[in-house]
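Whole structure, please, built from the sequences with the hints as guidance.
Chain order of the listed sequences is A and B. Per the working numbering, the first sequence runs over residues 6 to 526. Per the working numbering, the second sequence runs over residues 25 to 401.
Everything labelled a hint here was simulated from the structure, so no lab data went into it. Ideal Cβ placement from N, Cα and C applies to all residues, glycine included. Among these hints, one or two may not hold up.
[Unchecked claim] Restricting the straight-line Cα-Cα distance to at most 30 Å, the calculated cross-link-like pairs of lysine-lysine (DSBU-like) are:
1) A/LYS285 <-> B/LYS342
2) B/LYS185 <-> B/LYS283
3) B/LYS185 <-> A/LYS282
4) A/LYS282 <-> A/LYS144
5) B/LYS54 <-> B/LYS283
6) A/LYS327 <-> B/LYS125
7) A/LYS327 <-> B/LYS238
8) B/LYS125 <-> A/LYS322
9) B/LYS125 <-> B/LYS283
10) A/LYS396 <-> B/LYS187
11) A/LYS282 <-> A/LYS150
12) B/LYS54 <-> B/LYS125
13) A/LYS212 <-> B/LYS283
14) A/LYS144 <-> A/LYS230
[Unchecked claim] Derived DEER-like restraints, expressed as beta-carbon distance ranges:
15) A/SER40 <-> B/LYS125: 45 to 53 Å
16) A/TYR85 <-> B/LEU256: 53 to 61 Å
17) A/ARG414 <-> B/GLY329: 32 to 40 Å
18) B/ARG268 <-> A/ARG414: 22 to 30 Å
19) A/ASP275 <-> B/VAL202: 35 to 43 Å
[Said to hold, decoys possible] Which residues of chain A face chain B? A few of them, derived with a C-beta cut under 8 Å, are:
20) VAL340
21) VAL358
22) THR360
23) ALA361
24) ASN363
25) LYS373
26) LEU386
27) MET388
28) ALA390
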Amino acid sequence: MIESPQNQVKEPVVQMRGIVKRFPGVLANDHVDFSLADGEIHALLGENGAGKSTLMNILCGLYRQDAGTILVDGRLADFYSPKDAIKFGIGMVHQHFMLVPSQTVTENILLGLDKPRFRLNLRHYDQEIAQFSERFGLKVDPSAKIWQLSVGEQQRVEILKMLYRGARVLIMDEPTAVLAPTEIEELLQTMRMMVSEGRSIIFISHKLQEVMDISDRVTVLQRGKVTAAGLPVAGASRQDLARLMVGRDVIFHVEKAKVQPGEMMLEVQDIWAENDKGLKALRGASLNLRAGEIVGLAGVAGNGQSELAEVITGLRKSTRGKVILHGVEITNQPVSTGIRAGVSHIPEDRTHVGTAPNLSITDNVIMKSYNREPLSHGWVLNMFAADRFAKGLKDQYEIVVPSTSTPVRLLSGGNLQRVILAREISSQPAIMIAVQPTRGLDVGAIEGVQKLLLAQREAGAAILLISEELEELLALSDRIYVIYGGEIMGETADQDIDRLGMMMTGTRMEDLAKPEEVNHG
Amino acid sequence: MAEPGVKSPLQKIRLPFSVRFELRATEPPKWLSPLLSFGAVVLALLLGAIVIALVGGDPWRSYAHIANASFGSLGVFSDTIVKAIPLIFVGLACSIAFRMKLWNIGAEGQFFLGAWGASAVVLIPLISEDTSRWITIPMMIIAGMACGALWGLIPGLLKAKFKVNEIISTLMLNYIAVAWNNFFIFAIWTEGGFQMSKMFSKNAWLPRLTDFSKEVPALRGLTTHFGLILALIAAVVVWFILYRSRWGYEIRLIGDNPKAANYAGISITRNTVLVMMLSGALAGLAGMSEITGVVHRLQGAISPGYGFTGIIVAWLAKLNPFVVVFVSVLFGALILAGREIQPSGIPKMIQGIILVCLIATDFFLRYRVRIMRRGEE
Chain A
6 MIESPQNQVK EPVVQMRGIV KRFPGVLAND HVDFSLADGE IHALLGENGA
56 GKSTLMNILC GLYRQDAGTI LVDGRLADFY SPKDAIKFGI GMVHQHFMLV
106 PSQTVTENIL LGLDKPRFRL NLRHYDQEIA QFSERFGLKV DPSAKIWQLS
156 VGEQQRVEIL KMLYRGARVL IMDEPTAVLA PTEIEELLQT MRMMVSEGRS
206 IIFISHKLQE VMDISDRVTV LQRGKVTAAG LPVAGASRQD LARLMVGRDV
256 IFHVEKAKVQ PGEMMLEVQD IWAENDKGLK ALRGASLNLR AGEIVGLAGV
306 AGNGQSELAE VITGLRKSTR GKVILHGVEI TNQPVSTGIR AGVSHIPEDR
356 THVGTAPNLS ITDNVIMKSY NREPLSHGWV LNMFAADRFA KGLKDQYEIV
406 VPSTSTPVRL LSGGNLQRVI LAREISSQPA IMIAVQPTRG LDVGAIEGVQ
456 KLLLAQREAG AAILLISEEL EELLALSDRI YVIYGGEIMG ETADQDIDRL
506 GMMMTGTRME DLAKPEEVNH G
Chain B
25 MAEPGVKSPL QKIRLPFSVR FELRATEPPK WLSPLLSFGA VVLALLLGAI
75 VIALVGGDPW RSYAHIANAS FGSLGVFSDT IVKAIPLIFV GLACSIAFRM
125 KLWNIGAEGQ FFLGAWGASA VVLIPLISED TSRWITIPMM IIAGMACGAL
175 WGLIPGLLKA KFKVNEIIST LMLNYIAVAW NNFFIFAIWT EGGFQMSKMF
225 SKNAWLPRLT DFSKEVPALR GLTTHFGLIL ALIAAVVVWF ILYRSRWGYE
275 IRLIGDNPKA ANYAGISITR NTVLVMMLSG ALAGLAGMSE ITGVVHRLQG
325 AISPGYGFTG IIVAWLAKLN PFVVVFVSVL FGALILAGRE IQPSGIPKMI
375 QGIILVCLIA TDFFLRYRVR IMRRGEE
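This is the structure we're talking about:
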């Protein structure tokens, strides 16, 4: 573990008090307090949609809070744009880079500044930026064009951009999510260097190990509320943090009927695949799925679970390995092959993948069955049958809308998810890949979705449930696989949350077993 | 709320009210869209009137003249329809491509190729001159559509296989099509050195209303031709494809969210090629109907930019095949009457203003305008 100065009484650089931010239908920040001490690395933890990014977007001037105040160095600060925020020395390094690919590093850093008044003496600025980057160990060639740089180097440019503008407080939104392991180590070094130079860093991440390694204190958000404020990391364990992040009380009890697992429905054998950035996302993952069981896949976001779902459903090509569906190999077959073979898929991204926003509910529910009887006959689509089908689903799945001709972009998250579930379940799938099926839904909606999944299990479907919510996985699954870094760490059928937590942070099942036995013995 | 520490420049101007644009959370009422389109046309005519007044014309007399010259009598209305026919085809061609967010701006070139293909049937000739009309016309239709489809197939394949931007490729193919046509009318099918082919034999003419004036004298001199029937059939077919067929569903799904279409197992590359071909075939049909119904020979100036006007028609019709017919008549009138006022200039300007106003009104479909008094926030 790295030593960082802490527990000294320090003047807070930033104080956010009672921040409230509402989006249509969502309370993203509910009276959030946050304070950043001078010269510390403060981690902001929380699940997706917990309100971390919203809070930080307020601090860097992108959003305006509905209520609450921000103090910087004890002075009241009111931001209308990131420009105002940078005047107070607050800058954000976004997860998605905001760089001009065809311009050089220096040009990107100068962009938006009124510094070179008239004559653009690039060589002079190149030198200045070269010195600057050396000082912070952010190695990058100032005259290189952005498109020539690796992702890690581009991130350095983003950091330099903020430092050059005089940022004393750096907000880093999941900076490690896009990096390869060696680049992550370099970034953590840079962060330490910057803090030792007297800057402060707010570090957003889901990766517990990194948070443990680098930060002094941690604030945890859950559904827009603070559950742990400025907790010193030194005293906390990984399990503690995992519990703080995931651990909400089980609000309801799920009744699960006994179902004898049936025949083998899906076998994934040694699958390798790359993510969108061309990095290895899956490194030889294997798992299997039988009829009548829900198999959970646990893991912290970005460890390959999304890619695995895409490989199984045919949306992503695997570079090695096999996907066998009920004895038939379907590796790298088109999506339609899987659909015909009875694979249904609840995608992670409801609005960008799962639905067509401007089309009606009817058009959206027939997406997987429009080319079969009775919805179509030959090449003619039977719109009456489609409407009847949609109306039936609307009633059965309690989709609350005035009519089935409503475009789905007007639906709330819960209703949208019901549309997708209705579509995916109504095809009576043999295999169901459910990715984060309850994310962002309220408690009532979550219960509804979980009941539907259990009903499918009883009907004999084989369900792969991919979720970041351990409680949900434990409540629904018959077995749970844990994925980390694109590999399966192990498979467990017991309900030991600590063991799952250890595996989710990269410990293999085999390595876990020994201390367990010692404990019991 | 605390008093701001940093003031945004906007806050320095104190108006007694503030205007806010909010994203609509609910669907706008059904009547809003047609009302806005109508409003856009009216606004465009008003703006046009200002320009006409500025250059010293009398806007109201000009407009009255336009109306008279295009709808004033059965004769001129018939001429308006003649101008509208190619616009319907091209408008439909653009509508179906735009529906899939394929920006086919090569309808002009596909129009020329369609005209060339139809001409080739009688000019090569593929069939002898005295072949019955019942064989000649269908053959010309097929040839015109096939050649137009070929001109759509090329950019379609380029886009599907190599991700070539279809806007550039279709635009460039327009010039090639014109040059291709010119080569034939200058060098091969030229009639006595003129840059035009010989007149087609009557068997290759689409029947016109005036052809029946022996039976019905009232039809004398009316030039509306059989292309109108073809265009109306095409509108019905395109509507049926879009809203009542599996293929149309795929087109609409891809157009709205290609990722969702991919997730539903629909091939985007295959549909890119097919839709570009259909779009090209429809534009080719426009060229075919124009030379067999109006010009009766292949020559250079067969299109006053129908292919480009079709883009405006498609947008004004909100890509709805039936509205395309209606809008085409309006634009046919503008083209016809425009010539009465000025060879180019004003009518083209009005078309342009209509398009700009129309695109601008889309804003009101997405946003709601709220005017609030200060302090009400």
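Now for the hints, and whether the structure bears them out:
{"no.": "1", "hint": "A/LYS285 <-> B/LYS342", "in the structure": "violated, 45 Å"}
{"no.": "2", "hint": "B/LYS185 <-> B/LYS283", "in the structure": "holds, 18 Å"}
{"no.": "3", "hint": "B/LYS185 <-> A/LYS282", "in the structure": "holds, 22 Å"}
{"no.": "4", "hint": "A/LYS282 <-> A/LYS144", "in the structure": "holds, 22 Å"}
{"no.": "5", "hint": "B/LYS54 <-> B/LYS283", "in the structure": "holds, 28 Å"}
{"no.": "6", "hint": "A/LYS327 <-> B/LYS125", "in the structure": "violated, 36 Å"}
{"no.": "7", "hint": "A/LYS327 <-> B/LYS238", "in the structure": "violated, 76 Å"}
{"no.": "8", "hint": "B/LYS125 <-> A/LYS322", "in the structure": "holds, 26 Å"}
{"no.": "9", "hint": "B/LYS125 <-> B/LYS283", "in the structure": "holds, 13 Å"}
{"no.": "10", "hint": "A/LYS396 <-> B/LYS187", "in the structure": "violated, 39 Å"}
{"no.": "11", "hint": "A/LYS282 <-> A/LYS150", "in the structure": "holds, 19 Å"}
{"no.": "12", "hint": "B/LYS54 <-> B/LYS125", "in the structure": "holds, 23 Å"}
{"no.": "13", "hint": "A/LYS212 <-> B/LYS283", "in the structure": "holds, 29 Å"}
{"no.": "14", "hint": "A/LYS144 <-> A/LYS230", "in the structure": "violated, 38 Å"}
{"no.": "15", "hint": "A/SER40 <-> B/LYS125: 45 to 53 Å", "in the structure": "holds, 48 Å"}
{"no.": "16", "hint": "A/TYR85 <-> B/LEU256: 53 to 61 Å", "in the structure": "holds, 56 Å"}
{"no.": "17", "hint": "A/ARG414 <-> B/GLY329: 32 to 40 Å", "in the structure": "holds, 36 Å"}
{"no.": "18", "hint": "B/ARG268 <-> A/ARG414: 22 to 30 Å", "in the structure": "holds, 24 Å"}
{"no.": "19", "hint": "A/ASP275 <-> B/VAL202: 35 to 43 Å", "in the structure": "violated, 58 Å"}
{"no.": "20", "hint": "VAL340", "in the structure": "holds, 4 Å"}
{"no.": "21", "hint": "VAL358", "in the structure": "holds, 5 Å"}
{"no.": "22", "hint": "THR360", "in the structure": "holds, 6 Å"}
{"no.": "23", "hint": "ALA361", "in the structure": "holds, 4 Å"}
{"no.": "24", "hint": "ASN363", "in the structure": "holds, 5 Å"}
{"no.": "25", "hint": "LYS373", "in the structure": "holds, 6 Å"}
{"no.": "26", "hint": "LEU386", "in the structure": "holds, 5 Å"}
{"no.": "27", "hint": "MET388", "in the structure": "holds, 6 Å"}
{"no.": "28", "hint": "ALA390", "in the structure": "violated, 12 Å"}
Hint compliance for this structure: hints 1, 6, 7, 10, 14, 19, 28 are not met, and every other hint is.
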